[in-house]
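**Q** Below, each chain spelled out in residue letters.
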Amino acid sequence: MYVYDQYDQRIIDERVAQFRDQTQRYLAGKITDEQFLPLRLQNGLYIQRLAPMMRIAVPYGLLNSKQLRKLAYITRHYDKGYAHVSTRQNIQLNWPLLEEVPDILAELAEVQMHAVQTSGNCIRNTTTDQFAGVARDELEDPRPWCEIIRQWSTFHPEFAFLPRKFKIAVCATEEDRAAIHAHDIGVELVPNAAGEIGFKVLAGGGLGRTPVIGSVVSEWIEKKHLLTFLEAILRVYNQHGRRDNKFKARIKILVKAMGIEAFREAVAKEWALVKDGPSTLTDEEIARAKSFFTDPAYEPFDDAASSAALAEQAAADPIFGNWIKRNTVQHRVPGYQAVTISLKLTGHAPGDITDRQLELLADLADQFSFGEIRTTHQQNMVLADVRQQDLYALWQQLQAAGLATANIGYLTDIICCPGGDYCSLANAKSIPVAEAIQSRFDDLDYVYDLGPLELNISGCMNACGHHHIGHIGILGVDKKGEEFYQVSLGGSQAKDASLGKILGPSFKQEDMPEVMEKIINTYVDLRGEEETFLETYRRVGIDPFKERVYAKAD
Amino acid sequence: MPRLIKNGEVVTDERWQAPDAEAEQAAPGAIATLAQWQTLADKSGSAVQLEPGDGVEALLPHLNELALVAVNFPVFTDGRGFSYARELRQRGYTGELRAVGAFIRDQLHYLSRVGFDAFQMLDEAELENALASLGDFTEHYQAAIDQPLPLFRRRA
Ligand code: HEM
Ligand code: SF4
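Residue numbers (my numbering), protein chains in the order written: chain Y, 1 to 554; chain C, 1 to 156.
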């Protein structure tokens, strides 16, 4: 994992001092609300329905145990003892006090953390695959590139007042686990015809009110040009992105308006100005970034023997065996496995985690996974480097703490925004809908039988819960002051990214479990052998679902 | 006469007056709007003010002749001027580059990084206080006009 040197630390410390001063001036009435707004946003602070909401950056989802303990401490001392994992791998607090935010930032800086540019119209936290570095299907570890982008984008003086927020994601696998098509810029490590690995760069993806899948700006650029190419895209966007209408200000609108050809030309023109200049990456810098993401001290294991021993344990304790099957994935190193810890226990807001659980996970990370843990954009956590022989002991401890729900990738592993319970922009609540659906589908065997199914819920069209790219998406809408829910089907965040199609008129909250059941039953009736929900939907289209859901009761 | 920050101190500008967009031609001593400036036959020693949306394109053939480029920030959240400034510097403009308008002191540091060397704030009373914000950070990751080498080329 990346470790700060004196430069990184100084930059972050100076940021804390700067924001402390800004907050004092604000509290003393020397800065207006309007002026303070972008300053606090770029330090992660929203003012929300009940209290400020603070978003802490977790660069590309990577945390160490020391940081987890600090987060636990912060939630206990400055908040109400729990935190929330966001769909962009960050951590959110729902109840901090404005006056105390500078102190929280100072606490974070002690463990090389911050809330820099976690909101506001600037370049946000760069995200990636939660299995980066351990995935079998990976071309190369994307995290050094994320760190290079993090440093470049941190306090970038030219791009701190963009038309709108700007999100970058990086992936290095065929199966895109970072939703790069739904980002303002998506970067994918790919080989060119000669086999040299470089970057394919997409731009103009995004969700929100006008969901768009990103377009290719360049099929391949040499690695050393990454930053200058990003600068060129941002320069075009900063100058030409719309500023007259906040809902048309994202780069996706600009790319559509210009057309991808003209956009590419504009980028090429800006790129010519900076290409091969000082921001061109050096071999030394690339090597330095990579040096932080080398293999931990893996022990040699005999693959067959280790797997066989695990299979035996799994057979002896079927509940454990089931968890292994649902929540762990293969590791590229024999004898190891990556474990996803579900934060989707029915009855708890999806993605919420308590201070005690954070501390437990810190201990478990130390004990079982080289002291590191990851957050996922599906609002779960991952211990990426667990020895197969330790899985049983790990599982027992997770189970005792309510962290062993075996539902990763299934219907009840719901992605859900905070919605009307916390968010002042909400049209409708989202957490109770998630809970009602989890409760309705409480038979896990049935849920497994349904196969991989992503259900995403947002409380308004800002789409924090990524409803457009859920296989099933639920969107809170306002119908004459009442909370209603619109359902869409067929979205996907994977390589074959697609946007969901609206099923029809929206529903009342209490009807949602019933509606879900009808959708699911339609799938079960129509599915072919081994066919997933998404495959069935793509084969049969939306009509059979529509007919079933809106059929008049006789 | 406007007061502004230049070379790290508050000074009074005795030379240039704000543009008058109503006038057909810029009066002598007044900064020209882009439209007025474009009609000037002789651009040597001239001063022009860019508004958001103007772009820098029209200025590029005349960078050596210009004495002053002012970039207006009618609202502080419109960041187009940051790109204008940096691009002008990257393309070789060496004259005075002045930020004018509603920008706030907390932006001074970024403004100076992208190449502005003069700051004329709407709120003149803030100028003395604002000086402190110029030095909010003593180290930076990325290359900019004040520090052409990114940190990765300088890390010890
Ligand atoms: C509770 C306070 C929150 C507020 C006020 C808020 C506000 C917003 C707004 C206004 C947008 C739309 C931006 C646009 O279309 O340009 C947005 C998008 C987004 N939010 Fe939130 N949000 C909140 C919480 C969250 C949480 C908890 C998450 C994660 C679970 C989240 C994740 C996202 C994501 C991923 C997007 C991007 C969708 C896209 O790509 O357009 N937000 N948020
Ligand atoms: S989707 Fe809407 S309701 Fe949900 S957190 Fe985002 S802004 Fe709030």
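Warning: the hint list may mix true and false statements.
Across the chosen pairs, the derived CB separations fall in these ranges [stated by the list, open to error]:
#	chain 1	residue 1	chain 2	residue 2	range
1	C	102	Y	245	12 to 22 angstroms
2	Y	20	C	41	27 to 37 angstroms
3	Y	47	C	12	32 to 42 angstroms
What the simulated footprint calls covered on chain Y by chain C, stretch by stretch (three residues with Cβ under 8 angstroms from a Cβ of chain C suffice, anywhere in the stretch; the number is not a length) [claimed, not checked]:
#	region
4	235-242
5	465-474
No wet-lab data here; the hints were simulated from the structure. Note that the structure is predicted; figures quoted are calculated from it, not measured. In this text, a Cβ means the ideal position worked out from N, Cα and C, and glycines have one as well.
**Q** Would you mind marking each hint as holding or not holding in the structure?
**A** Hint check:
1. Take residue 102(C) and residue 245(Y): their Cβ atoms lie about 20 angstroms apart, and the range 12 to 22 angstroms holds.
2. One distance hint, 27 to 37 angstroms for the beta-carbon pair residue 20(Y) and residue 41(C), is violated here, with the actual separation near 54 angstroms.
3. Restraint check, residue 47(Y) to residue 12(C): a C-beta distance of roughly 40 angstroms satisfies the suggested window 32 to 42 angstroms.
4. Counting residues of the region 235-242 of chain Y whose beta carbon lies closer than 8 angstroms to any beta carbon of chain C gives 3, which reaches the threshold of three, so the coverage claim holds.
5. Here the region 465-474 of chain Y counts 0 residues with a CB under 8 angstroms from a CB of chain C, which misses the bar of 3, and the coverage is violated.
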